[in-house]
Every structure is written in C-alpha cells, then in structure tokens.
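Student: Single-letter residue listing:
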Amino acid sequence: MIINLKNILKTYPECESPALNNINLSIKSGEIITLLGPSGCGKTTLLRLIAGLEKPDQGEIYIKNNQVTGNQIWVPPEKREVGMVFQDFALFPHLNVQQNIAFALQNMKISEEQKKNKINSIIKLVGLSGLSSQNPADLSGGQQQRVALARALIQDPLLVMLDEPFNNLDMNLRSKMQKEITDIIHKSGTTAVFVTHNQKEALSISNKVIVMDKGQIEQKGTPRQIYEKPKTKFVASFVGQSNILSGTIGKEKNTVITPLGRLSCRTDHNKKPGTRVDLSIKPEDIKINSSGSIQGTILSQKYKGQYVEAVISIKTSSNTKSPNKNLNIYLTPDDSYKKGDKLSLSIPPKNVNIISS
Amino acid sequence: MSENTFSLNLKTVNQIAQKTGHSIKNMWPSRIPLILIPPVLIITLSLAVPLIYLVIRLLQTDASIWNLLLRQQTLQALLNTLLLSGAVTISSIIIAVPLAWLTVRIDFPGRKLFSILTIVPLVIPSLIGGFTFISAFGRGGFIHQLLQWLNINFVPDIYGFGGAWILLTLLCYPYVLLTVRSALMNMDQSQIEAARTMGLNPIKTFFKVTLPKLKPAVTAGGLLIALYTISDFAAVSLLQYNTFTRLIYIEYQTSFNRIYAAVLALLLVMMSLIIVSLEMKNQNNNHYYSVGAGTKRHLMKITPGKWKWLGTGFCSLVVLFSLILPAGTIIYWIFRGLRQGEELIIRPEAAFNSFYVSFLAAILTVSSALPIALVSTHYKSKFSGFIQNIAYAGYALPGIVVALSLVFFGANYGRLFYQTLPLLLFAYVILFLPQALGTLRSSLLQLNPHIEDAGLIIGFSRMQILHKIILPLLKPGILSGAALVFLTSMKELPATMLLGPIGFRSLTTEIWNATIEAFYTRAAVPALILIIISSFSLAIIFKRKEDTEQKCQLQES
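So the sequences go chain by chain: L and W.
One point on numbering: in numbering that gives the first Met the number 0, the residue at position 346 of the first sequence is 345, and numbering is uninterrupted.
One point on numbering: in numbering that gives the first Met the number 0, the residue at position 245 of the second sequence is 244, and numbering is uninterrupted.
If we strip away everything but chain W, and leave its shape as in the complex, we get:
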C-alpha cells in the first residue's frame, strides 16, 4: 500500500514541476545557505547508511555470494515473485481498462455510483485484504461456515499462488483504473470524434485511437502494481506464497546466520529499483500530446442500448468481490464477536502504541524532509538533485528490506538501540520520507517565486524570508505531510514486527497474529480502524492532487 501512495505522490510532484517549469527556473540560482547543508547531509547519509551497510556486510562475508544467489530456493523465490507480479499486473489491467472505459464513456445504469465504488478498494491495506480473504474463504471463514450450514463440505484452497494472485488483483486494480480514467478524461476528444467521422464505430475507435493513447497510463498504473506486488509482505505471507518478502521474513526468523536474508533483500531492492526507474522513464516519455490546441468539448457518452446492463453487471461483480466482501467480512466478525461476548475485541494498548509511535514518526519525518525539500526546490544544482534522488530512492525500498537492514545495523553497531523505539522510528522515517517530501515539495513549488523576490526587495534576509514568508505559507503542506506519514505509519507491518521492542503490540501486529491464529473476531475491530485511517490518508492525497491540478490550470490560463 504505502509504496504505491508514494508513487502517486512522486507523480504529482513531477507534474507540477513540469507545468510550473518556468517558475522553478526563476528561483534563486545562488548557493545553498551554509546553515542548511549539515542537516541535509546528515539526514541523507543516515537514510543511505543501513542499505550501504547491508551491501558491505555481504561483500565481507565468507560464504560465496554466488552459492547463495544460485540456491534453488533463491531462484524459486525470484520466479515466484516475477510470476505473481506479472500475473497480478496483467489481470488488474484486464479488469481496470474496461472499467475505466465503461465509467468514463458509456452511459449505463449506475455509472456515477460505480465510478466511485470501483476506486474505493484502494483504502484496503493488503494486511486487511489478507485477513478478510482468509476469514471469508479459509477454513473456519464465514463462507466455509455458510457452506457447512448448507451441508456442503468444501473448503476452497486459497493458499499459494492462486489465492495471492486473486487477492492482490482485487486490491491493486484501482491503480490502473485511476491512471487510465484520468487519461481518458483528459484525452483529446476531437481525435475520438475525428475517428467516428472517418467511419469507425465506437468499438473500433476504442482499439484504434483510444487504446494506443492509453498506453502510457496503462504502463504507469501497471508498474505501480508490479511494485506493490513485489514489495507486498502481508498478503503473500498470510497466503503462504514464497516471494522474496516472505522468504526474507522466514529466513530472519528461523536462521541464525542472516546473510542469506540480506542477499534476498538486495535482490528485491534491485527488482524494485528497476521498476521505479522504468516508471520514471515512462513518465518522461509519455508525451502523447495532442497536436494543436483547441477548446475542450463535452464528449457525447455512448448509449449502449440493450447491452447497457452488461456494464452494470460487470461493475457490480468487481465491487462485490473487491469491496463488499471485505467490508462485509469485517462487519460479520465484529457482530459475531459482540454476540459471543468475546473479550479482547480490541486491546487498548495496541491502539495506543500505534497512535503514539505514528505521531512521533510524523513529526520526525516531516522535520527531516523539510530541509531536503527546501534545498531541492530552491537551489538547482547537481548536489540538490543528488540529495533528492537519494531521498526518493525510498520509493524503491520495501518495508521488509529497510527493517532487515536496520536489524543488521542495530545488531552490530547500535546494540543500545536494537529493538527499541528509536530504531523503529528511524525505519519509519526512511520509509515515509519520500511521502513527506512529495507533499512539501509540491507545496513549495506552488509558492509564487515572486513572493520571495518581493521579500528580498523589502530587505528581508534569506532566513527571515524562510521564517516569515515560506514557513507560514507552507503550513498546510507541513500539516498534510505529517498527517499522511501518521496515517501510513499506522498501517505499517513488516518494520513494526522486526524492529518493535519485545512485546510491542500495534494494531497491525494484532491483526497479523489474530489472523495467523484464526482468532478472526480479534482482528476485525483493528481492521476496521485501519480502513478508516486509510480512507483519511487517501482523502489527503486526492485533495492535494486536486489542488495541484487546479493550481496548474490556473497557471495555464
């Protein structure tokens, strides 16, 4: 979940950077104030150190790296990870592209409602997805109980590739839906109309004109999904499918020598770096611009006649499995728990821990991101570009990898910190810094550079401008960045499990443990809380995207 909201962020920032290009160039070309350099350097270095340490340790090890790399288990995990991410990406595209086209272009009954409902599954973190999937279809799940009640003795086999594939597809397809919907809505409509006047019917027009133009959007969404899938820990682990993330966790838990886990972690990072770099390349290449400029017109929706209920049926089916089923499952277990007088329906301690740690993480992350955001938006130089890239590299770091590298680092150098709160917080900062940075950078880029020029002319010093002009204007950005980090930290699982102090309970670890032990009623309330939390964080992201787009439109007009 988290990696993908990151990527959505990255996209928004790049969009503003492109659209406000002229204003960035107008920004101060001068040197970075000395006072900003130490914090920026310290923060960036500390971000990179754990990973670098992991590499160094690997290079120093006695065991032959090649032996580790070429183990049957490694190759199997690589194959599994590739297979799963490929399968999930393709099936998500197959579901999402027709959904997008239907909800944007076709006038079928319930179109408006479905264009919202089909996006909503975004609020389900994979941990919750895993929990609801297992507690619905697994042994003792409510579908199983229902079947028993109907005297049918059948338990669907949900574990392994099949289950992981279906679950992740249901969780992921909205990413393609989002990118493709927005591409469809912004598409040059006269090209579609031109094709119609040239004798092509709606279906042919879709394949010949619309689809080729959707390629960048489908690629962007597809890469997000591939990244989500390879970095996902909760869903694959709960469904017991051995991808890199699950294998790393198992190795960490069971093996005395953790070098093998480190090898796997580095392989995983390489895979996700490849995906992130493809994503950046795709963003730079996707100039399927329209030629010439014209007024945007209202594009007539296609009235499908007697086929219209097909659209309603398809959308209903998707919403049933991706939204109603998980939500219904959670509600079922809560009611069941209440009726049976289950104690432990929520552990106050876990909720408190989650809130408290996430709150600290939010403050720390935003304060670390602020100097980097300032340097990278206001001073165009190789240095600031480098710093920014390192910070964004966090997008490519799956939670389990950050957790593992900090376990290594802590166990060898930071014994004092190992399995303490500060180390967990440090992990959160590394993981969520790109998110905070994205929010701050987009707020900073939206500031009119002339405001700062005006400050200079009045006679303010740079520090005064920062203090009296920029920071007050940046307040909404800081607050929404902090809120976003807070909400995302609440949902974090792998780092919390690996780095939390002994006996540390959070909402996510509660759900994890309860699901593994099949105490489904115990997982339901924390799951509900997390879904609510997750809706808030998405609301913030969408709000910011909307603000940005409005701002860009204003600047264009």
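So here's chain L without its partners, still in its complex pose:
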C-alpha cells in the first residue's frame, strides 16, 4: 500500500457538516485513481490531507506504512514525497519553465549533472522541448499544465495527485490533455490520484474510481462497475443518468415487483424475497420492442445530437398509489416518433440493477 487512510474526520471552522466523515481508503502502488463527486463533496480536502496541506480533526494517514498524520504525529508536506498538480497549476511566475521544473530538485542531494539529466528527460517526457526558457505566462493552457505535471513528477514521488487538472482548459484541449497526461503518467509508472467532478473524465482516465458525496465515500470500483452497477442512489444518478424505481424482491431472486410491473433483474444481490429495494435502470438500456411488456406514451422529446432523450409515461400497475410513472429513454435520432405516440418497451434483466433498500 502506498497510502492508507483510517477513520478520517475533518470539519472546517464555521461549517456545520464535516467536509470528510469517517473516510477509510487505501491506494496500491501503480494504481490510477479518480476521486469523483460534485463540488463540495470533500474530494479536494482529501487530497490536501494526504499532501499535508491540511490537518484532519481525527484519523490516521500512512504513506508507505509510515504514519504521517494522527496520534500527535505530523509530517510536514515537504517530507511526504507526494507530488501535486494544482487546479490553477501554481507555476511560479518569476521563474521560467526550466527553473520551475528544477525548483523541485533544489533539496535533492544529487549532482548537477544528474539534475540536468533529470530535467532534460522530464522535459522530453512531457513534450516541452524547446520551451525551457519561456515564462509560464507566455505558454498556452496545455503547456502550463505539462510544466505543472513535470514539476510534480521530477522528484519521483510515491504518489502524484492532480486536483481538477483539466478544469481550466477549453473543451477541445481538455480531451486531448486527458489522453496525454494519462499517457505520461502511465509511462512514468507513478501512482496517481485525480480529482474531478466530471464523470466522463473519471471513467476514461483511471482504473479505479471512488465516488464521494457529502464527505463520504459512496462507492469504490472499476469504471465499469461504477457505471453499470451503482450501489447507491447517488452513484446511480451522478454517474450517467438513471431511472430510479422502488420495488420489492419477488419470490425468486431474479424478479422484482415494481410500479412498472414484474421485472426480471440481476441476481448478484443478497436481498431476501419481500425486501423493499431501489433499483436503477440506465436510459440507454431500455429498448423499444413490439413484444415488450411495458406500455407507455411519449410525453416529451429533447434532441441531444447523438440521441434523442424522451420521457415516457408508463401506466403503473393498479396496486400502487400514483397512476403514472415517467421513464427516461434514449431514441436514435432517425426514429421519427411524435409526442403522444404509444411504445412497447423491454428491459434486459442484466440491466435492472438492485441498489439498496
């Protein structure tokens, strides 16, 4: 384990609810992790605690099995061997590119020759050759970011942390830099933690995603697990869109009784028959199927480019209180449905995901 966090609690002065509440987390060497969550969920605070830029109220932090925080122990940021790329890049405006990168080497006990080699190879790695005597202010956003990354990587840190690194870049540059930065990190072999509130970004750049909300960890898993098998209502609605339904597990494990009627569902849950549960269904998983068991009427449609988002009103089974239930589904733009058209829908059982009670 590179990083181990135990029972971390942090409340900012003048804030009622804690910024981080009972966080337990471990990060393995070589992992590329994303902390994903809405702004204010505590993800940046978590980074800052690991870096030693804040102190938690309670809990312990270990870096490579050495305790750095907790029980009267405090290791200052400069001794933690973690690199950080700040949201605003935090380049030093009074130093040029090379000096910015070399800044991190001044406390290292290696020869000038070695320093020079290190700087040259990192400049090459991040693709900044020829720009080393430029001032940061004269660089483009993408170039500034590469300087910030080079500066964080040059000390060979145990872990590099990137706080919303793509936030300050425009849309086109953003996806280009996502690929470049992750490539560089892969090449360097460093363990990395990204912080982002952008779920698409989180799914595409990392091999492990940690979803946070209101200071707590909601779910950890691979991007696929997080997207396809959300474990909480929050994860289901924050990562992609989801239709959330309430229901009851049927007599068999693979059925669930919902306002839409009896649905077949995934079986990788451990709920007993009769348990009240919530379930999530992604809009793209609901298929138009003339032999489908769910009947509905198109209430409204919104053109979204690659697809059309439609709201379908479903007549619910008679034993529920509300007579209608709305479902979001995606139609292909070629479908020429109109408002009021009647549709038959079906949902493959593997896409009916039981989340919790």
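No lab work stands behind these hints: they were computed from the structure.
Please read all numbers here as calculations on a predicted model, not as lab measurements.
Misleading hints may appear alongside valid ones.
[Unchecked claim] To list a few chain L residues with every Cβ distance to chain W over 12 Å, as calculated: (1) N6; (2) A50; (3) E80; (4) I243; (5) Y306.
[Stated by the list, open to error] Chain L stretches covered by chain W per the calculated footprint, using a threshold of three residues with CB under 8 Å from any CB of chain W: (6) 69-78; (7) 98-106; (8) 226-238.
Built from N, CA and C at the ideal position, the CB exists for glycine as well.
Got chain L sorted already, so can you dock chain W onto it with the hints?
Tutor: Below, chain W alone, put in the same frame as chain L:
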C-alpha cells in the same frame, strides 16, 4: 503624513481604473463641455503658477545658481536627506516584512490583536511623534525624570541622525506593513503549497517563493516611506537634523535673500518627483500575476511550536515603542498638567482657528477638485490626462515647498494677500487637492456608465445628467473627500507656520512652539486632539479602500 495618505489614495484610484478598465473605455468619448473648460484651466494653472514662479525667479537671479548648488551646505543637506531616507526605508522594511509574515501566516499567541495594533501607529503625525519622542527621552522628558528618580544621571542623545532615524522608522514602518500584508493575503496560495509539496520547509518557501513575489509590495511601501522621509518637516526639525526641509525653513527665517531657500526647495521637489515617478512605474510593473485561475483556499497557518512566543515578543516590542510609548507620553503630560493646575492646557483660540481654517479648506479644495475629477474620468483625451497629471503632481510637493513658493509669490505679486488667510487656504488647496481628487475620482469611476447612458436615452441633457444623476450619486464621495481634506488640514504644520497671518495660532503651531520651548504639558492636549483627528481620516481612507475592493470584486464576479 499627508503625502503618504495621498499616495495610498493614488494607488486606490489606479486600482479601480485598472479593474474597471472596460467601463472607462465605454465612457463618453465626446468633447468636454465648454462650460467645464474655464474652471478646470483656472484651477490647474493656479496650482502650477507658484512653482513655475519659483523657477523663473531662480533663473533671473544674479547669483550664480551653480555656486548656490555646490555650496558645502547644499551637498551636506542632500547627503543627509538621502542618508536618512535610505536608512529609514531599510530599517522600516526590516521591521515590517517579518511583522507582516508573522501576522498573516504564523499562528502565535495574540496574532489577531497584533495585526491591528501594529498598523495603528499610522495615526501618529510626525509632529506628534517628534513631540512625544522628545518629551519622553529628551532632557526633562519623562524617561529622563524616571532615570533621575532612580539616581541615574543619563540623558540619551536623541538629536541628530540617530534620533530622526529611530523616530521616523517607528512612524513609517506601517506603510510597508500595509502593502506587504495585503500582498501576502492576496498571494496565490497554491504556489506556496506547491513549494511545500516540492520539498521546501516554511522558511525556505518564504525566501524562495514568497519573498520574490513580495518585491513589488515592498518597493511600493518603501517608496512611500522614502517620500515621507524627504518631505517630513516636523520630526527632522524638532530633532535638529539638517535635511532639505529643515534647511529651507532655517534659510527662510534667518536669511534676507531667500533665493537659496528656493534652490533647496527645487532640489527637494526634484527628489520627490523622482520618487513619485518610480512609484508610478512600480505600480505599472507589478504584474506578478499568478498563472491560470483557481479557487482561493484557506491557507493553513504555520504553527510554530515552542518558538511561538518569539512572535509575540517581537510584536510586543514594536508596539511598545511605536504606539504605547507615544500614547503613554501624551497621557503622562496631560495628567501632570492637570495635577499641577497648569493653565493654558489648551488655548481655545488655536482649536477654533484650526477647525475654522480646515473647514474652509475642505470646501474650497473639494469644489476645485470636482471639475477636474469630472473631466479626467469622463473624457479621455490628452488634455484631460495632462490636467490630471498636474493635479497629481501635488503628491510630489512637500508642504514646506508649497509654503515657500507662495511666500515668494505673495511677497512679490500678492502683497495684498501676503500673510492673510486666503493665501494659507490657497496653499492648503494645492497641497490637498490630489487627496480630494482621489476620493472624487474613485467615486466617479465606480458609477455605472450605463446609468448615464440611461439618462441620455430618457432625453436629459449632459448638464441635467450631471445635476440630477451624477452629483446626487457622488454625494458620499464629496463628503468623504471634504472630511479627508478637513482632517488633513488640521494636521498641517509648515505651510501654516510660513503663511499664517501674524499671530495666527493653530493646534499644530501650538504643539511646535510648546515642544521647542519644552512646555510639554501645553502640547499634550492638542496632540491628543490631533491623534483623534488623524484616526478619523485614516478610518475614511480604509473605509473607501474596502468599498472599492468590494466593488471591484463584485464587478469581477
């Protein structure tokens, strides 16, 4: 004192001008209304005339200017002035930069209290500083008395360079403290954090990241102090150190031919013009911007552990000498005066004169500044820029120089006015116009230009807009400008001494005379009044700065 509050003003105005840049460009590009031109021209010319006259007189003189310039005395005064301003600036920086860093970044006991108390010495005008310094440490001062009581026969030698240096440092360091504190608080915190994650401890981070970024703020504060020191009259004169200002005064008093005083005055103006222009250049250059934009975070204060009392000790020492000692001295002399039944503890006539003259000065100055402020904010042209520069040149004019040039002018052309109230008021207008202009301009620049556009669309004429929209909105600016001039005039000494009618007494002349004659109890009450007055004027300046910053933040968001 006054020159420096001016400069603080100038800074605020420039800040707004930069931040609201887009709105100024949107302002009326049209020609200046004819009705505004005559008053603006008359006011600006009359501001410049005395100084121009001084130059002309010098050029016409029989004596060789070079002989006067190269006199041993001139060179000595130049050396003294440079030495003192350099020494005061450096020692103030040495005190103020650590103070700023301590009070902003370090979590030591009493931090919040000390971050206020260390700024408070700003309210002590140099005249009062001089009075308290002498009446504390000088012969017959209360420290001297204390020592005698303890049977120690020792009088510290406070006169000359040493005393002036210490006193002015104690009075001036808050200027650097202010600029550096605000730079530290607005500094991009992630750069400091980045340095920490790159392996630098707090001390190294301070020297490698923080300090280079503080350079513009230290320079700005340092130049303010240099300007304060070279234009200071009261402190150096009371402590008998021959800088230009004191020499000018002595020449004026003792010599029949005042040409030499004029030469010295012009040299002094040149020095202060150099400092003011350096200051403007520094303001234009200080773009130590951060690269990229990010959210400002709360920066963790450094907990110094067992060293924490060092911070408390250092701050206490500074506050003891710069604040508690002067305040204590004044209170000591007031009590002593009351106990001994001293009569003359205050002369009502002096207080009345100060209030009355300052009141008139406030009205006159603000009404003169108003047309200039309008022209310079609303009509972008070479003419308006020129007018504005002339008005701001007042920042570079030490009180003694304005006084002397008006003495010349009055003695030769305005015999009727010489040593009358109007000439004194005229001096106040020249000296304090930049201050009023600063207040008015910042109020004007904060007006949303669209309000005026709206007036035009409704069908108002320009004069109607001025009368019905701008002036009512400008009322707070006018009032605070007037208050500022009123309060600053109350503290003025050299012009009041040189230009006041014969037998004219004001609070400042009372303190001056009493200090020179060592009647310390007589100076104490006027000194207390002036300190209170001075606190009000600083409160106005800080309030306006705060308002401006809020406004700028609003516009940015």
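Student: Of the hints stated earlier, which fail here?
Tutor: Result: hints 2, 3, 8 break, sorted rising.
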